[in-house]
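Build out the structure end to end from the sequences listed, making use of the hints.
Protein chains in written order, with the numbering used here: chain A, 702 to 1124; chain B, 702 to 1124.
Where hints are given, some of them may not hold.
For chains that are exact copies, the list does not tell them apart, and a pair is met inside one copy or across any two.
Claimed, not checked - The list that follows gives simulated cross-link-like pairs (lysine-lysine, DSSO-like), each with its CA atoms no further than 27 Å apart:
1. Lys746 <-> Lys987
2. Lys811 <-> Lys715
3. Lys746 <-> Lys811
4. Lys723 <-> Lys708
5. Lys762 <-> Lys746
6. Lys1107 <-> Lys1014
7. Lys1107 <-> Lys811
8. Lys893 <-> Lys1014
9. Lys708 <-> Lys1014
10. Lys1014 <-> Lys746
11. Lys893 <-> Lys993
12. Lys715 <-> Lys1014
Keep in mind the hints are simulated off the structure, nothing from the lab.
There are 2 protein chains.
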Amino acid sequence: MTTASLKQMGLWAKQAAFAMAKASASQKNEALSALADQLNQAEEKILEANEHDKQLARSAKLSEALIDRLSLTGRISALAADVRQVVSLSDPIGEEFERATLDNGLHVCKRRTPIGVLGVIYESRPNVTIDVAALTIKTGNCAILRGGSETLQTNQALLSLIQNALQSADLPINAIQMVPTADREQVKSLLKLHESIDLIIPRGGAQLHQFCRENSTIPVITGGIGICHLFVDESADQQRALEVIYNAKTQRPSVCNALDTLLVHTSIAETFIPKVVERLQQGFVKFRVDQKTWQLFQGSGHTLDGISRAEEKDWDTEWLSLILGIRIVENLDEAIQHIRNHSTGHSDGILTQHQDHAEQFLQEIDSAALYVNASTRFTDGAQLGLGAEVAVSTQKIHARGPMGLKELTTYKWIIQGNYHIRS
Amino acid sequence: MTTASLKQMGLWAKQAAFAMAKASASQKNEALSALADQLNQAEEKILEANEHDKQLARSAKLSEALIDRLSLTGRISALAADVRQVVSLSDPIGEEFERATLDNGLHVCKRRTPIGVLGVIYESRPNVTIDVAALTIKTGNCAILRGGSETLQTNQALLSLIQNALQSADLPINAIQMVPTADREQVKSLLKLHESIDLIIPRGGAQLHQFCRENSTIPVITGGIGICHLFVDESADQQRALEVIYNAKTQRPSVCNALDTLLVHTSIAETFIPKVVERLQQGFVKFRVDQKTWQLFQGSGHTLDGISRAEEKDWDTEWLSLILGIRIVENLDEAIQHIRNHSTGHSDGILTQHQDHAEQFLQEIDSAALYVNASTRFTDGAQLGLGAEVAVSTQKIHARGPMGLKELTTYKWIIQGNYHIRS
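Okay, here's the thing in structure tokens:
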């Protein structure tokens, strides 16, 4: 695929964006319902393409974990159900807000519109193809998708269903297009199509986000990397705190909102930390602890199995696995300082009974999601009431934290007058 | 100045951002009032530095127009008044919105916070230094400024007033810093400080915006380039339309929201276009017209003085001067198509008595500001009720159109529970 044909895809998308922007809610829902139906009907065909990808992956000796990530076996009806869930959400497009009549009589408002053309770059999971297409269509946007090289066949099969569904609702098939090769140079070219793409959404690891940030001339939503902290204040309800920590670390350790580092107030460290270790060992967690915690365990009679000394770089590591850093801090200020130095600005929390400590924490930590007495695992569009999620942003502009339908929109200023002139 | 010291400035700014984020509205206003006072008191000293810059500019044989742009003579009390105006605006920081209690009892809201550290890159006008500093302080942000090379002395003098004012209100002086050289390589380094700068705001011409977009690893607000259109529908009140066109073209032709191209419905072209030419010639406007308009004038007895044939590239030119493109279109659809092809998405309008034509125009044109029966000159933060303006965005994410105080903020998600865990 040449850069010229990539440009052509951009122009087609931009053209399709005009039709998508004026599509009615029911027309967009019609396309989504058709897509859900087709997913159910074409299950066999999708799984055939998916099997092809899995065989190639096996010949290429990819890990079983990776092959599992790209497998759609047993997952298609859930995908269709997700699309139907998007149908049930309300359409944000066309909403008017901040309406005002100015002193000179001009009527001003903002009207919510699609962003236009999204460039979505993702890795192995082919379910992203459907998730992103559904949210894109619902919000009247267009998308150029670039999935992982391991799922080319599966993605092609899914794309043809998406385009059929668009067509059946009289919407332009070019609303959702896919870069048909997995060449990294093509990604670079995609990242420079600022004349036709309005926003890049990478879905993948830190390396992908960095690659996009460094090569894109289009705004990029970076996020999805979470070094998450909980600080246990001296006043916390320790018994219940244990369960929050257990949940935040073990409920799904491989995701970005899982706990990475536990900070414990020094005055409760000696009694509380051994309880943490005991509880979390039931979930097979291993620990990287600071010097003070290490000393606390030396000669305490506690087993040191699964406990090791943390190195400085460990505080800057997103574990994505059953490892937890533990550090003792003198007070709330030291906890705040540690989080400022090491957080990726994703999800951080405090466990405390002191409202003023909670307030200081909320005021002085600058992360996308801040928790008081709750697990960090709630940073998720569905959990926080958005109904759907396209990404979790940890940058500061446009949207922060979970991004749902509204975060895939922008607005126009509409100014209506009576032949008004500026004096 | 080395890249290492630029990095150091970034770290200082990031540090200062924590103090700025928790400063109270009255503390920030105290700094702004002190700044306004100091501007009044230090007028002589500022003008001395400004005179130095102007002399250098004269020796470098810069144009008188440019030297006028960098001059502060007679402009300082207006600058101080602008700062006092910012004091009078309400502080958006800390506002909580989208508050909800979820089914599981979690209390969720978004709390408005500063973005953090802004990188503002601008050209000759030194008043931008004060304007940007005032809006930055008011919103609890920090900024690293990089002004034009022609105004180094003036900007240094202004910076020292700003930092004095910060200090007098017990705010960190590193909240507003300035890159002390005008080396373009330094701008490149600044654009890659994504570890400490959250947003780049370029204020200048198309070339500066392009340079930022191509070199930045930080989100950039692009905008400020306006190829603006008015379409005169067959139903428009022609007499009043003339005055709107006159205003949009001549009231301040050098700015981005001035009219560039007039599209006229074919059924009124023969009578209306000669009136437009006659009225706008009173404002010394010259015309670039399409083939049909040209034919209309041939042999009509009208003078052809100041009227020439448009070349294709003229429709893609932001005139910034007393030139107006005129084109006859068959109907609203052709007008919409022309605007889609040539607009920069800044400000476009329709003059019509048909509400359904207005609605189609509003629906089908995707620009930051859309007008019905009003001059495009209203696209301006002060005119549209924002009280102040840091930039006019023509990109789609974060903010679109005039950006005021609220557009210099982001939000945190605040989630408060009772030791909630995710099931």
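So, going through the hints one by one against the coordinates:
{"no.": "1", "hint": "Lys746 <-> Lys987", "in the structure": "neither (43 Å within a copy, 64 Å between copies)"}
{"no.": "2", "hint": "Lys811 <-> Lys715", "in the structure": "within (22 Å within a copy, 33 Å between copies)"}
{"no.": "3", "hint": "Lys746 <-> Lys811", "in the structure": "neither (45 Å within a copy, 44 Å between copies)"}
{"no.": "4", "hint": "Lys723 <-> Lys708", "in the structure": "within (24 Å within a copy, 46 Å between copies)"}
{"no.": "5", "hint": "Lys762 <-> Lys746", "in the structure": "within (25 Å within a copy, 73 Å between copies)"}
{"no.": "6", "hint": "Lys1107 <-> Lys1014", "in the structure": "neither (37 Å within a copy, 37 Å between copies)"}
{"no.": "7", "hint": "Lys1107 <-> Lys811", "in the structure": "both (14 Å within a copy, 14 Å between copies)"}
{"no.": "8", "hint": "Lys893 <-> Lys1014", "in the structure": "between (34 Å within a copy, 23 Å between copies)"}
{"no.": "9", "hint": "Lys708 <-> Lys1014", "in the structure": "between (42 Å within a copy, 21 Å between copies)"}
{"no.": "10", "hint": "Lys1014 <-> Lys746", "in the structure": "neither (47 Å within a copy, 50 Å between copies)"}
{"no.": "11", "hint": "Lys893 <-> Lys993", "in the structure": "neither (50 Å within a copy, 38 Å between copies)"}
{"no.": "12", "hint": "Lys715 <-> Lys1014", "in the structure": "between (45 Å within a copy, 21 Å between copies)"}
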